[in-house]
Amino acid sequence: IAALTSLGSLYLYNNALTGSIPSEIGALTSLTKINLENNVLTGSIPSEIGALTSLTDLSLYGNDLTGPIPDEVCNLHNSPPLVFYLQADCD
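Start counting the sequence shown at 2; every next residue gets the next number (my numbering).
FYI, nobody ran anything at the bench for these hints, they're computed from the structure.
C-beta: ideal position from N, C-alpha, C; glycine also.
Don't take every hint at face value.
Pair by pair, the computed Cβ-Cβ distance ranges are [as the list claims (entries may be wrong)]: (1) His78 x Ala17: 15 to 25 angstroms; (2) Asn76 x Ser31: 15 to 25 angstroms; (3) Val41 x His78: 12 to 22 angstroms; (4) Pro23 x Asp58: 27 to 37 angstroms; (5) Thr67 x Glu25: 28 to 38 angstroms; (6) Thr19 x His78: 24 to 34 angstroms.
Model the full assembly from the supplied sequences, consistent with the hints where possible.
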């Protein structure tokens, strides 16, 4: 997945995907939208998503993710502001 550096949007919702979100997702620096809603993803949200400075939409709702949202993700200051669709909030 790290080789897809020109990818602008990643829509993989409602696909019954399992496993964890790979940390290599942080290498996809052109991403503006990530939608992984309603899968069976587990583990934590990778802090590497915080490197995606063009990201405007992060949708991870409806998975079995655990742990807090990483500070690196919460601290993204993108323009327009990042919209979260998660089952948790930044502290």
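Each hint tested on the structure:
Between histidine 78 and alanine 17 the beta carbons are some 34 angstroms apart, a value that contradicts the proposed interval 15 to 25 angstroms. The supplied range of 15 to 25 angstroms is met by asparagine 76 and serine 31, whose beta-carbon atoms lie about 20 angstroms from each other. Under the hint 12 to 22 angstroms, the C-beta atoms of valine 41 and histidine 78, about 31 angstroms apart, miss the expected range. For proline 23 and aspartate 58, the hinted distance range of 27 to 37 angstroms is not satisfied, since their beta carbons lie about 19 angstroms from each other.
Restraint check, threonine 67 to glutamate 25: a C-beta distance of roughly 20 angstroms breaks the suggested window 28 to 38 angstroms. Between threonine 19 and histidine 78 the C-beta distance comes to about 33 angstroms, which sits within the given range of 24 to 34 angstroms.
Checked against the numbered hints listed earlier, the structure breaks hints 1, 3, 4 and 5; every other hint is satisfied.
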